[in-house]
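Here is what each chain is made of, one letter per residue.
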Amino acid sequence: MALTSWGAIEKNGDIANPNVGEASMWMLIVAQWVALLLYLWTLVAPRLFPDRDFT
Amino acid sequence: MWIARVGSVLFILLQQVILIDIGYNWNESWLAKSDQAELDEGPRKGKKWLGAIIVSCAILYICSLAGIIIMYIHFSGCQSNNAFISITLILSLICTAVQLTISETGSLLTSGCMTIYATYLCGAAVATKNPLPTCNPMLGETSTWSIVVGLLFALISLTWTGFSYTSDKRLGGAAASGNGEEGDVGGDEEEPTIAGGVVLNNSTYGTADTTQNHLARLGSLMQVSLVLVCVSVLFDLFQYTHSTFSNVFDLLLVCNGIDFVGGY
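Going line by line, the protein sequences match chains A and B. The numbering of the first sequence is my numbering, which starts it at 61 and goes up by one. The numbering of the second sequence is my numbering, which starts it at 30 and goes up by one.
No lab work stands behind these hints, which were simulated from the structure alone. Note that the Cβ used here is the ideal one computed from N, Cα and C, for glycine as well. Among these hints, one or two may not hold up.
Said to hold, decoys possible - One-sided excerpt, in silico: chain B residues whose CB lies under 8 Å from chain A:
(1) Q45
(2) S85
(3) C86
(4) E133
(5) G135
(6) M143
(7) A147
(8) C151
Let the sequences and hints guide you as you build the complete structure.
Here is the structure:
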């Protein structure tokens, strides 16, 4: 997916350097947000649901 | 094309869950080692493992901080980059603060892992992906570092997946009992042998012949990695056959599969 700039290579045009592009950039940024929110969830979930077994 | 996109997003999510799992298990493994050292060698002998945890935390946080400072110096030319870097900093700080105050399960080592991962993602985004020349002074240069770091993260998570799938008694099962300060992991169980964060004496392969044990594990590890790479190549095949831009990079398909797991 990185090589095709998430399928948006024809819009951004640059075949020589398909890695650069809005789509790739936003994928990384959103991936970062999702990763940190996932981690945050693993931290607060046991507190929010004390009865549930998280093992 | 959308099959490839959706599949790849699922794939990234999988990789992130694995990374969080690694963060938790790393801490637990070293806490267990500390406890074991106290049991075997007497009191206060487990301190060196606790020290190792603290040193690792310090390294992770110092590297993250350095990365964020470098990004602020070199890539703060425009608003989008500023926003990305600031969000990285704030989200990482929130995670660490929540872990230190509210959470019962987390540890500083896990937070450090997530912070450095977030910093890497932000750095890769602003330094290698941003298409605006005003925002990105490094535009057009090949960025070896982001590929190397990306492959490193992929290698770690692939190895971990292989290992944890092949050991039937996962350390992850005790994830919730890992309290950063208490450190009672492995104390009430039947003391499994722990090596590199992985429970070794599983019943499938037996404990007698360690060479055979390792070979079997290595085999499964390679199989899991192969399956993961094949699946990602499959997603890319969908991508190529369904997009207007096809048959150009056919030879690069395999590279793309590997590269995708590593650097998206």
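Status of the hints after comparison with the structure:
1. Q45: 4 Å, holds
2. S85: 17 Å, violated
3. C86: 15 Å, violated
4. E133: For E133 (chain B), the interface hint holds, since the closest Cβ of chain A sits about 6 Å away, which is under 8 Å.
5. G135: 5 Å, holds
6. M143: 5 Å, holds
7. A147: Holds: closest Cβ of chain A sits about 5 Å from A147 (chain B), inside 8 Å.
8. C151: It holds, given that the least Cβ distance between C151 (chain B) and chain A is near 6 Å, below 8 Å.
Comparing the model with each earlier hint shows violations of hints 2 and 3; every other hint is respected.
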